[in-house]
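Q: Each chain, written out:
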Amino acid sequence: KMQTSWGASNIWDEFAKDYAQRVDEMSGGRMKIEVLPAGAVVAAFQVLDAVNDGVLDAAHSVPVYWYGKNKAASLFGTGPVFGGSATTMLSWFFAGGGEALYDELTQDIMGLDVKGYLGFPMFAQPFGWFKGEVNTVADLQGFKYRTVGLAADLMTRLGMSVAQLPGGEIVPAMERGVIDAFEFNNPSSDKDFGAQDVAKNYYLSSYHQASESFEYLFNRSFLEDLDLDLQAILKYAVEAASTANTAKAMDRYSADLKWLQDEAGVTVHRTSKEILDAQLKAWDELIPELETDPFMKKTLDSQRDWVQRVTYYELMNSPDYALAYDHYFPGRLKI
Amino acid sequence: MTDPQVALMMLGLFIVFVFLGFPIAFTLMAMGIGFGYYAYFDAARMWRGFNRLDETAGGWESFSLWIEGLFNNRIFDLFVNQTYTVMSNEVLTAVPLFLFMGYIVERANIVDRLFSTLNIASKNIPGSMGVAALITCALFATATGIVGAVVTLMGLLALPAMLKARYDPSFASGIICAGGTLGILIPPSIMLIVYAAASNVSIVRLYAGALLPGLTLVGLYLVYVVGRSILQPSSAPRPTDEEVPDIPMGKLLFMIMTSFLPLAFLILAVLGSILFGLATPTEAASIGALGGMLLAIVYRAMTWQRLRESVYLTVRTTAMVCWLFVGSYTFSAVFSYLGGEHLISDFVQGLDLSPIQFLIMAQIIIFLLGWPLEWSEIIIIFVPIFLPLLQFFEIDPLFFGILVALNLQTSFLTPPMAMSAYYLKGIAPPEVRLTQIFSGVMPFLFCVIVSMVLMYLFPQIVFYLPELFYGS
Amino acid sequence: MTGFIRFADNLSAWFGKAFAWLIVMMAVGTGYEVFVRYVLNSPTAWALDVSFIMYGTLFMMGGAYTLSRGGHVRGDFLYRLWQPRTQAKVDLVLYILFFFPGVSALIFAGWKYAARSWQYGEVSINSPAGIPIYQFKSVIVAAGILLFIQGIAQVCRCILAIRTNEWLAADEDVFETEDLLMREADKAEMDHHI
Ligand code: NA
Ligand code: NA
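Protein chains in written order, with my numbering: chain R, 34 to 368; chain W, 207 to 678; chain G, 110 to 303.
Okay, chain R solo, but in the shape it has when bound (with noise of 0.2 Å):
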C-alpha cells in the first residue's frame, strides 16, 4: 500500500498510478501497489512517519513536506540549484552523489526506517498566481503568500508573509483570506484544484524551485524483506516513471496552460527581471546561513560543484532554443 501526498483528483495521483503500473507490468502481477490519495490513512504532511512506523508501506511525496524535522530536506527538492535545471539536479541524486548524502540524512543522521528515491524532474515552478499585476519587490511587500519549504525563506526576504499549506488548502485558504497569493506546481494541478477560480493573474519563471523530484518512500524493513528481484523492480520502476511522467507533464502541463489562457481568462505573464534578480539576492542572503549547518555545507558543496561542471556542458552546448521558435513560430513569445 503506497499513500500519496495529493488528493485523487491532482494529476500527480496518475503519477504515483503510472508508477504502480510499471511495477504490476514488471514484476507480471507478483507485486500489486494500492495507491491511495492523501487522507485515505494518514495526512499528507504525515507520510514520512507513517513509513518510518510500517503503517505505510510505501508513499509517495517530495522532500520539502518533512523539511520542520530537518532543513536540509529542502536540498533534495527545492534548493537554490545554482543554475541547474531539475534534469541537473536529479542527475546528481544519480550520478554526482546525491542518492549517498540523502541516504545518510535520512538513515544516519535522523535514524529513520526508510529508503528513499528521487524520480521524475519537474519542470521550474511558476512564481505563482496573484490577484492582480505585479511588475516589482515593491508590488510584493505584505502580501501573504504560500508556498512550502526553503522557498518560505526566500520570499521571506522578498517581503511577503508565508504560510505553508497542503495543495488541498490553498484554494479554501484563498477564499477565507487566510493568504493573497500563492504558487503550487504546475499548470495542470494548479487548474486542478482551482486557482483560477481565485486569482487571475499567472507568473511563469521563477528561482524558488527550480528544481523539484518525487521522492519514493518505503519501509527499509518492508523492502529489505521482498525478493531480490522485486526490491530492484521497485527501485528501477522509479527510473521508468520517471520518463514516463515527464511524457504526461510535457503533454498535460502545455495543453493546462492553454486552457487556462483561452477558457479561463488567466493572464499568463513572466515573472519581471527585477523579481527574479532579487530572488538570486535573496539566494545569496539565505545561502551562508543555511551552510552553518555541516551537512547542509557538504551537500550545497556537492551540488555546486556537479553544476558548475554539468551546467557548463549544457549552456555551452545547447542550441538558443527561443531563437528556434520564433523562426518557426514568429511573434508567439513573449520573453
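Take these hints with a grain of salt, some might be off.
As the list claims (entries may be wrong) - In silico SDA-like pairs for lysine to any residue, Cα to Cα no more than 25 Å straight-line:
#, chain 1, residue 1, chain 2, residue 2
1, R, Lys268, R, Met64
2, G, Lys221, R, Gln140
3, G, Lys126, W, Thr291
Keep in mind that the hints were calculated from the coordinates and are not lab data.
Once you have looked at the hints, place chains W and G with the ligands on chain R.
A: Only chains W and G with the ligands this time, still in chain R's reference frame:
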C-alpha cells in the same frame, strides 16, 4: 472474509456498540484500534523479541516480552499519528473560540432585553409574541453556534409570557423548540465547522451558503406562526396592554438601540469579516469572543464567576467534539485501509440510483439517524460515508452539507432523543405535557421538509451568496 | 476507593481547567494578529501555529476532565433506561476492552512519536518562523496519562455502582445554561410543593 468485508463488519459492529451507551469517542477509537490490529497483524514482528529469549529466561522477562509483542502492532502508531492530525487541524481551531463566544453571549442578559423589545415592537402583528420569540431566537442563533441555552432561556422567558397571554401551550412550545434549534444552521454554526472539517468543503463557502437557507427557514416558521394566528386567533390572542405595554415611539427606539444594535453590530463584525474574506473564521471567532466579553461588561453581566463558567464549559464541549474526531479519524483510516469505502461505493453505484433518488435516500437515512443520535455523531461518523459518493452522483458537497444541516434541525425535535423538547419540558410549568410539546413541534418539522424541497427546486438559495462572494 | 475517585476527579479537573484558560489567550492572541495585520499592516508569521497549538493542547488536556464529568457524548437512549447497576456492568467491561488499549497507546506509542520529534527538534512548517512543535507532540503523552488515571477512577466508579446501584457523581463545578436553569426550575418546584 475479504478485507473490505471486514471493514463493513467493523461499521456494523460499531453501530451495535453505540447502543451500549459507552462514550462514542472511545467506542470509535476501540473499533479503529481493534480492526486496525487485525489489518496490521504481523506475527513475525509480534514475536521477534519473544523468540530471541533462551529457555533460561525468567517468567517475568518472558511475560514482559510477551506484552511488548502484543503491543508491537503498527495500529498504535497510526492512532497517534491521526490524533496529531486532529490536534493540528486548522479548521477546528475555530470550534473552541465560537463556543467561548456563545457561552459568553448566553450569560450577557441579551436574550431578555431583545425579547421584551421585540415583543413591544411587534405588538400589532398577528401572533405577535410568537413572532417576537422566533426573531429573538434567529438573532441569537447568529451569535451562538450551539443549541440548548437558547431553548431554555426562551422557555423561561417567552413561554410563561405566552401562556399568560392564553396562547395554545402546544403552539407556544413548538415555537420555542423550533426557534431555539436554529443556532446549528445559521452561521456561525459549530455544526458547519465540523462538516467542513469532515468534508474539506471551505467553511467560508458553507457559511455563505447557509445564510439564505437559514433565513428561508425562519421565513417559513414566521409564515406558519402568523398564518395560524390569523386562521385560529384563539391559539394566539393579541396580548392586552397590561401584558405588553404600549410605550412611546422614542422610548421604543431607545430600547432597540440598546438591545438590538450592539448585538447586530457584533454579528455583522463576525459574519461580515468572514464572508468578505477579511478574517479567517478562527480570527472572526476570536473577535466575536472579545466583542461578546465587551458587550457583557457593558451590560454589567460580566462577573468573574461567569467568565470562569464560560472557560470551563468551552474546554469540555471542545474536548467532547474533538475527541470524537480523534476516534473517527482512526476509525476511518482503518476503514479505508481495509478498503471499505470501495465496497460501499460499488454497492451504491450498483443500485443504479438517479442522483435525486440517492439524495433522498441519503437524507432519509440521516433523518432516521437523527432520532436516536445527535448531530455531532452523525456529522463526524456517518456523513463521511456518503461524501465519496457525492462525486459519482455529481452532487456538490456544499449543497449536500446545507441539506444535512437543515435535516439535522429535526434531530433535536424528533423523539426519542429530542433534546430541545426535553430542555423545554425541564423548565416549563408542569401543566405543559411532553406530548403537547411534540405535537406543537410537528408543523415546524414540516416547515423543515418544505425548506429542503425548496433548496432542491431552487438551488440558487444555497449557491447565490457563495458564488457572489467567491465565484463559482 | 472513593478517595481515589476524588483524587482523580480533582487531578483531571485541575489540568483541564488550567489548560482551559488557553481559550482566553487564544482569543487575545488571534485578536492581536487581526489588529497588527489591519492596523499596523504587518501580520505575524506565527499566529496560525500558535492558534492550533493552543487549540490542540486545550482539547487534549481537557479530555480527562470531560470524562470525569460525564461530558463525552454517549448513544444513551437505551442506556439511560437501565438500572445504574446494569449501566455500570456494561461500562466496566467496555472500559477494559475499549478504553485502556487506546489510552495506553497514547502513552507508549505517543512517547515514541514525541521522542522522535524532540530528537529532530522538529518545527512547524506552516510558517518560516519555525515554531517548535515537539513540546506540542508531548501533549499526546500527557493527555494519555491523565486519561489513564481518570479511566481507573471510572472503573472504581463502576465497581461502586455495581455494589450500591448508585453512581458516584463528580463534584460539579459548572453547568451548561440549560442544565443550570433546569436545576433551578426543579428546585423551585420542590420548594413550591413544600
Ligand atoms: Na511549489
Ligand atoms: Na449559529
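Q: Against this structure, judge whether each hint is valid.
A: Status of the hints after comparison with the structure:
1. Taken as a hint, the lysine 268 of chain R and methionine 64 of chain R pair is honoured in the structure, with Cα atoms around 13 Å apart against an allowance of 25 Å.
2. Simply put, lysine 221 of chain G and glutamine 140 of chain R have alpha-carbon atoms about 17 Å apart, close enough for the 25 Å limit, and the pair holds.
3. Proximity of lysine 126 of chain G to threonine 291 of chain W is assessed by CA-CA distance (about 24 Å); at most 25 Å being required, the pair is judged to hold.
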